[in-house]
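Note that the protein sequences, when read in sequence, are chains C and X.
One point on numbering: in full-length UniProt numbering, the residue at position 45 of the first sequence is 45, and numbering is uninterrupted.
One point on numbering: in full-length UniProt numbering, the residue at position 180 of the second sequence is 180, and numbering is uninterrupted.
Where hints are given, some of them may not hold.
Since the list can't tell identical chains apart, any single copy or any two copies may satisfy a pair.
Stated by the list, open to error - Cut-off 27 angstroms, straight-line C-alpha distance, at most; resulting in silico cross-link-like pairs (DSS-like, lysine-lysine):
no., residue 1, residue 2
1, Lys239, Lys178
2, Lys203, Lys79
3, Lys223, Lys239
4, Lys153, Lys190
5, Lys79, Lys153
6, Lys153, Lys308
7, Lys223, Lys203
8, Lys153, Lys30
9, Lys190, Lys76
10, Lys30, Lys286
11, Lys239, Lys153
12, Lys135, Lys239
13, Lys190, Lys81
14, Lys190, Lys119
15, Lys190, Lys79
16, Lys23, Lys310
17, Lys135, Lys79
18, Lys30, Lys310
19, Lys286, Lys153
20, Lys190, Lys178
Since the hints were derived computationally from the structure, they do not count as laboratory data.
Read off the chains here:
Protein chains: 2
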Amino acid sequence: MMNIGIDTMGGDFAPLEALRGIKKYLSENKSGAVQLTLFGDEAVLNEIIAGEDIPTGSIRIVPTTQVIDMQEHPTKALKEKPHSSIATGFQHLAQDKTDAFISAGNTGAMLVGALFNLKTIEGILRPVISSIIPKQGGRTGLILDVGLNADCKPEQLNQFATLGAVYARHILDIEDPKVGLVNVGEEEGKGNLLTQSAYALLKANNTINFIGNIEGRDTFNDKADVMVCDGFTGNIILKLAESIYDISRNEGLENAYLNRFNFEIYGGTPVLGIEKPVIIGHGISKATAFCNMIYVAEKMLQTGVLQKLKEAVQQS
Amino acid sequence: MMNIGIDTMGGDFAPLEALRGIKKYLSENKSGAVQLTLFGDEAVLNEIIAGEDIPTGSIRIVPTTQVIDMQEHPTKALKEKPHSSIATGFQHLAQDKTDAFISAGNTGAMLVGALFNLKTIEGILRPVISSIIPKQGGRTGLILDVGLNADCKPEQLNQFATLGAVYARHILDIEDPKVGLVNVGEEEGKGNLLTQSAYALLKANNTINFIGNIEGRDTFNDKADVMVCDGFTGNIILKLAESIYDISRNEGLENAYLNRFNFEIYGGTPVLGIEKPVIIGHGISKATAFCNMIYVAEKMLQTGVLQKLKEAVQQS
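Looking at chain C on its own, in the form it has when it is part of the complex (with noise of 0.2 angstroms):
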């Protein structure tokens, strides 16, 4: 039985949209393989259960009585309020009490709790933080490094690589992802420092399909389903792609496409490189979102992702 816990507590529309979330996850899914923790405020959580009807066989709430709120000091936070949802939350994931953690919370206060509560896996360097990218085509794509790492070394980069080329494989389905490294130009030797020395050595990669240097062109096409860059980079990719869905609202376009810039619909960003699935959800997030980071928690348990992530950095 997989145990995952979710934080109810956290994001703008807590902790009503994460019950109707849960509730919309109970509902589909029929695998009965899944038991959910709740972190949340016990009245509240119990009173909305009653009133959405959600069915509470695979629910078990864990009654918290503080909430960081989304604008505090991350680490001054889950020092503060250790009675917090989010920080009730880990303490149960690192004692093996859950096997997964979710929240849509403050996003600072997700990243330290999960660096600090969590052991990196053995050969990582540093943990990372990815995000899916619609493609143009149908297809789907992920960026990553998007923020963790503002700083990189190329050391890590090639790690992104394999750890994004897994990922993409185990929970996106991707047979066998094309690697590109995010550049300003195509041919090798062109970049700054950092994605010239990276580049030699995700050529030395075996355990990724690389296929060379992508441009900011290329972010939204069929060239590579895996982009590597910097925690720095692939936060403004990343920020910018975000502002393209609000840019077709305000200009009142319904295209298939561009609705798919709705990162409401991709429910989360998993912390990458930590032994256990930690997933950070959009402030924004609604039931469609909670509920699919759920799935993805699932899958990333059920594929033994984090194994074969393991694994893979041993071989690189």
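Given the structure of chain C, go ahead and fit chain X onto it with the hints provided.
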């Protein structure tokens, strides 16, 4: 009298579209203060001039016998083809026979030519290239560097800010341009080592209206008029922005704002920080782009923007 040199052999649609752009400029512009020096194959040019019925009163042809192709190695090509339109154009510029130089040819050769044939303005650490960014709501933004300096020092970013603000004021007619530092978070202290250090310099720079950090999602909104970043980041943002127009074409979207992502309409990218205007056009430049590049060169000469850049850099 200003004398603007034009490489008529550069670009995918040269020399015909270059000459059509010249015709458009001559028919619209009544200032009469500009003489155009055309570098190219004399026989071909005269044939087009006759066929397109282009008035020759303000035109002088400097015959050239070689062409640097789009894919040639810049340094090698400039050395081996001294009688090319680009090499000859720069010789004339360096010898004060012309006051500005425009080309839609090999970008690398244009950059190398500009850096090697012209002096850097006193006090400038490194020249820079910028690009227009279409902003929602009708405004126009400027981003720099977009590729000349893949690795930057904080002092360079601070100078880009000064240069960009002067250019936005005098060429884009933005009265008190808001300058933003492209970064991964809004708060001071966020960022990679480069942007963390640059922030303090920008904050202390009295020649600019620094509004703080901007994020990827602010690229197309009105938060900042001038967006400052290293050439690696800027190049990726620019090429990603350019791809948005391709997406809108592929998806059959007809929208006034997305049409502004057709970068052809902006004409070209000036190299800033050198003593004379050098403007590099897209390879796909057509008549409108060539015409607009001449206008930009004329405005740069008319406003004395390069002298103003020099003064601003000395004050900052």
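Evaluated hints:
no., hint, verdict
1, Lys239 / Lys178, "both (23 angstroms within a copy, 21 angstroms between copies)"
2, Lys203 / Lys79, "neither (43 angstroms within a copy, 32 angstroms between copies)"
3, Lys223 / Lys239, "both (21 angstroms within a copy, 15 angstroms between copies)"
4, Lys153 / Lys190, "both (17 angstroms within a copy, 19 angstroms between copies)"
5, Lys79 / Lys153, "neither (30 angstroms within a copy, 36 angstroms between copies)"
6, Lys153 / Lys308, "within (23 angstroms within a copy, 40 angstroms between copies)"
7, Lys223 / Lys203, "within (16 angstroms within a copy, 40 angstroms between copies)"
8, Lys153 / Lys30, "neither (44 angstroms within a copy, 56 angstroms between copies)"
9, Lys190 / Lys76, "between (42 angstroms within a copy, 17 angstroms between copies)"
10, Lys30 / Lys286, "within (22 angstroms within a copy, 59 angstroms between copies)"
11, Lys239 / Lys153, "both (23 angstroms within a copy, 24 angstroms between copies)"
12, Lys135 / Lys239, "both (16 angstroms within a copy, 16 angstroms between copies)"
13, Lys190 / Lys81, "between (48 angstroms within a copy, 24 angstroms between copies)"
14, Lys190 / Lys119, "between (36 angstroms within a copy, 25 angstroms between copies)"
15, Lys190 / Lys79, "between (45 angstroms within a copy, 21 angstroms between copies)"
16, Lys23 / Lys310, "neither (33 angstroms within a copy, 64 angstroms between copies)"
17, Lys135 / Lys79, "neither (40 angstroms within a copy, 42 angstroms between copies)"
18, Lys30 / Lys310, "neither (30 angstroms within a copy, 70 angstroms between copies)"
19, Lys286 / Lys153, "neither (36 angstroms within a copy, 42 angstroms between copies)"
20, Lys190 / Lys178, "within (20 angstroms within a copy, 32 angstroms between copies)"
Comparing the model with each earlier hint shows violations of hints 2, 5, 8, 16, 17, 18 and 19; every other hint is respected.
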